[in-house]
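Protein chains in written order, with the working numbering: chain A, -14 to 159; chain B, 390 to 982.
The set of hints was computed from the structure by calculation and includes no laboratory data.
Quick caveat: nothing in here was measured; it's all calculated off a predicted structure.
Heads up, the beta-carbon is just placed ideally off N, CA and C, and yes, glycines get one too.
Watch out, some of these pointers could steer you wrong.
[As the list claims (entries may be wrong)] Simulated pairs of lysine-lysine, DSS-like, Cα-Cα distance not exceeding 30 Å:
no.	chain 1	residue 1	chain 2	residue 2
1	B	K853	B	K592
2	A	K(-4)	B	K729
3	B	K592	B	K546
4	B	K549	B	K773
5	B	K546	B	K729
6	B	K793	A	K140
7	B	K549	B	K736
8	B	K890	A	K140
9	B	K773	B	K577
10	B	K919	B	K965
11	B	K965	B	K910
12	B	K919	A	K150
13	B	K965	A	K140
14	B	K748	B	K890
15	B	K592	B	K577
[To be verified] Selected chain A positions facing chain B (Cβ under 8 Å, derived; list incomplete):
no.	residue
16	V20
17	L25
18	I50
19	N51
20	W54
21	F59
22	N88
23	T104
24	S105
25	G119
26	Q123
27	I132
28	G135
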Amino acid sequence: MTTTQQQSRPKLRDCIRRALESQRADKDRAPSVTVLSSLLAVQDELHYVPNEAIEEVAIYCDSTINDVWSVASFYTNFRFTPPGQATVDVCWGPTCHLMGAQNVLAAVQDELGVDAEETSEDGKITLRYSTCLGACAQAPVIARDHILTGRTDPKAARSFVSNLKQELENGIAH
Amino acid sequence: MVSRIEAPVDTYAVVMSQQTQYALLRARARQRWDDLVAGDRPWVRVGFGASGQAAGAQAVFDALKPFGPEGSNQINLSMVGAHGLMYLEPIVDVVVPGINRILHANVTPEMVPEIVAHFVDGRDERPLHESAYAYTGHRDPYVTYLPEWDELPANAKQRKILTANFGNIDPHDIFQYIAHDGYAALNKAVLSMKPEEVVEEVKTSGLRGRGGAAFPTGLKWSFLAPSQAPVKYVLCNCEEGDPGAFNDKGILESDPHRLIEGLIINGYATNSTHGVVFIRQGHDIPIEATRRAIDEAYENGILGENILGSDFSFDMEVSLTGDSYVAGEETAMMEAIEGKRSTPRYKPPFPAQAGLFQKPTNINNVKTIAYVPGIVASGGDEFKNVGTESSSGTALVCLTGHIKRPGMYEVEMGLTIRQVLEDIGGGVAEGSERIKVLQTGGPLGGVMGEDAFDTEIDFDAMAKSGAILGSGGIIVGDETTDIVDLVRNLIAFNQFESCGKCFPCRLGNTHMLDVFDRLCKNEAKPGDMKLLETVGNNMKIGSLCGHGQLGYNPVSSAINYFGEEFEKRFNGELEKSGPFGDGSMILPSRTRP
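Throw the hints in and build the complete structure from the sequences for me.
Written out as C-alpha cells, the structure is:
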C-alpha cells in the first residue's frame, strides 16, 4: 500500500460511516437497518465494498467480520475493487439471448478490449453481465449505470461504448 | 397494548370525522384531476418505466420540457407508467382538455416540436403529427382517421383490472390515484368491515397467488389472522428475477398506490402491524416510485397511526435485496430482509407461525396484492365471475422475443395461449415465418412447442400441459431458435443463481450445464441423456426449494416437445450452436465471488 493510500484511508472510513448513518436519516420512520442494507448503502456511496467497510458494517450492525463477509460474498452485485468511471451492463437472459445478446456481448467485449466481466485497461469502463435488466420487451438491452437502452445490436452497442468512451475522455463524468 | 379509548366517545362525531378524512382527500383529488384533464392547456404524458426508458422515453421527455411549466408553460407535462403496448414506445399521450386523448407512438425527440405545435399553435393551422397512432374519448374531426385506442387489436382482447390506470395516471401523484377511486376500498375496509369479513371477501373471490404456487390467497390470510402476536408482518414479493417477466415491476412503476392499498388491506385483514415491499436493488424506477408512494401515503394519513381516522395503525417500508434469484423464494426472502444470505429455510415452521424475525408472517406476490382493492371495493363475487372456474380473475402476461407486438397485457383467464399470441401479440415478428417455441414461467418453467399453444391460460390447465404460468412471462422463439442452445441459456441462469445451500441443486445444475455445453459443441457422450435424467430427478427430490425442485423442468419439457432435435444434436447432425461457430457461449464465471 502506498503512502497516499494510507493517508486517504481515514477519510474512506468517514465516508463509510456517513453512508451507514444515512440509512437512519428519516428519524420518524427509520427503515430496518441490517447487514445487507448497510452493505448496499456503502456500495451506493463508493460503488464498491472495501475491506474497511466490512469492518465498519460489522461494528455498526453488531455483527462479525465473518458474517458480514458471508453476506457480501453471496450477492453478485457487490464488488470489492473500485469499478471504472462507468459500468456497462449487458443482459444475457433468455429473451435477450434469443434476440442476439451473444453477439452484442462479443461486440462490447471487443470494443472494451476485455474478455470477461472486467474493467477496460485504462480503468474507465467496467463490463458486467446481467441476468435481467427488466425491459425484456425492448430486447436486447444494455445499460450504462442502470440507465437502459433497448433494441440494440452489435453495431449500435459498439457505438454506445465508443460514445461513452468519448464522453469520459471529454471529462463529462456521470 | 394501551387501550385506545379511555373516555366515553361521541360515536356520531367519530363517524363524521372519519367520513370527512377520506372525503376531503377525495374532493382535493377530484379538483386536481379536473385541473389536469379539463384545464386551459393540453396535458402531455410520456409513458415511462424500465421499458419506456430502454426505448428512449427520457430523451423525448427532455425534448418536451421547454414547452412545460419549466419552459414556455404551454403544456402540462408528466411522466406516467407503462401503457402495456411496449412495441409503441416511446408513447406520447396528449390529453386535449375536455375532449379526448391522442396517443403518439414510437416518438423520437426530433418529432416533439411538431407534435406539440398542433396542440399549442393552432389545431387548424398545424396538422396532427404523423406519429399520432390512436385516440380515445370524443371523436372530434381531428381524429376521425385514427383508430380508437381501446379497439386496437392489442387492447381489444384485454380485460384491464390491475392495469386500468396504467399510462393514465402519474404514479408519483397520490391524488391522481384517489381521483380514480383509489383508497376507497381501504376506507371501506377499515371503517365499515371487520377484518374477518375482508378475509371472507377475498376467499369468495377465489383469488389465487400470482407468484407461481397459485395458493388460495384468502386461505393463506386466514392462517395469519388468528395469531395474537403484538408484531406481525405482511410481505410483498417484488424480487421478480425472472427474465422475460416484468409485470410486478410494471405495477410498481405504473400504479404503486394500488399495491400499497392492497398491502394495507392485507395488514388490516390479518391484524398485522408492518408491511414490507421487497425489491431487487438496481431497478431504480420501480424502487423510486414505491418509496415516493409510501411517503405520500404517510403524508396523507393513509399509513401510520389511525389510518383514515380508524383505530387501525400500520407501517410500511421498502426492503432491497442484492442480486440473488433465490431471494424470490419466500423463506429466502425473509432471510434477505433480515440482512442475511438469501437461502431457503426448512419448513416447518411455516411463515404464518414463525416468519420474518421469527414473527408471524404472510408473503404475497405484487399482482396478488394489487387485486385486493378491487375485490374489496366491488365484492368477491364480481371477481369470481371473471376468468375460469378454478382460476378467477385475469393474468398479466409479458410477451417478448420474436413476437410482433411485445408488451405487457392483462387477459381474462381462460383465453388460449394461441389467442394471446395471435390476437394480442399479432403473431410472429416480421421477418420470421412461424412461432416454434414458447418459454413460459421463468427459467424454471417450461419449454413448449406448437402442441401446447391451445392450452388455456389457467393455473391447472397450464400445469397439466407441463407449462407453468408462474410469473406470466411468455418468451417467443421463431423457426430459427436452437432449442438446445435456449435450454443451455436457461440452465446457465439456474446454475449461476443456485444459492448453493443444497448440493443436488448446486452440483446438479453444474452437471447439466456441462452436458449442454457438450451437446452444443457436438461433443455429447453416450449416457449424457441418462445423466441429465438422473441428475434432474435427484435435484427434484433432494432440494429444499423450487430452484432445485423445478430445475429439471426446462430440460424435461424441452425433451418432451423437441425430442427429435435433441436426438439430432446428440448424433452431431446439426451445426454447432451459437453465433461463434464453436458452440461456445459467453457466460459469467460459474462461481459466486
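The hints, checked one at a time:
1. K853/B x K592/B: holds (24 Å)
2. K(-4)/A x K729/B: holds (28 Å)
3. K592/B x K546/B: Holds: K592/B and K546/B sit about 27 Å apart, inside 30 Å.
4. K549/B x K773/B: holds (15 Å)
5. K546/B x K729/B: Roughly 44 Å separates the two Cα atoms, so the pair is violated.
6. K793/B x K140/A: holds (23 Å)
7. K549/B x K736/B: Violated, at roughly 37 Å.
8. K890/B x K140/A: Cα-Cα ~41 Å, so violated.
9. K773/B x K577/B: Holds - the C-alpha atoms of K577/B and K773/B are around 20 Å apart, at most 30 Å.
10. K919/B x K965/B: With a Cα-Cα distance of about 22 Å, the restraint between K919/B and K965/B holds, given a limit of 30 Å.
11. K965/B x K910/B: holds (5 Å)
12. K919/B x K150/A: violated (49 Å)
13. K965/B x K140/A: holds (24 Å)
14. K748/B x K890/B: Given pair K748/B, K890/B holds - Cα atoms ~24 Å apart, limit 30 Å.
15. K592/B x K577/B: holds (18 Å)
16. V20: Holds, because the Cβ-Cβ distance from V20/A to chain B comes to roughly 4 Å (cut-off 8 Å).
17. L25: holds (6 Å)
18. I50: violated (15 Å)
19. N51: violated (12 Å)
20. W54: Since the shortest Cβ distance to chain B is 11 Å, the answer is violated.
21. F59: holds (4 Å)
22. N88: Status holds, d = 5 Å.
23. T104: violated (15 Å)
24. S105: Hint violated; S105/A Cβ to chain B Cβ min 17 Å, cut 8 Å.
25. G119: holds (4 Å)
26. Q123: holds (4 Å)
27. I132: holds (7 Å)
28. G135: holds (3 Å)
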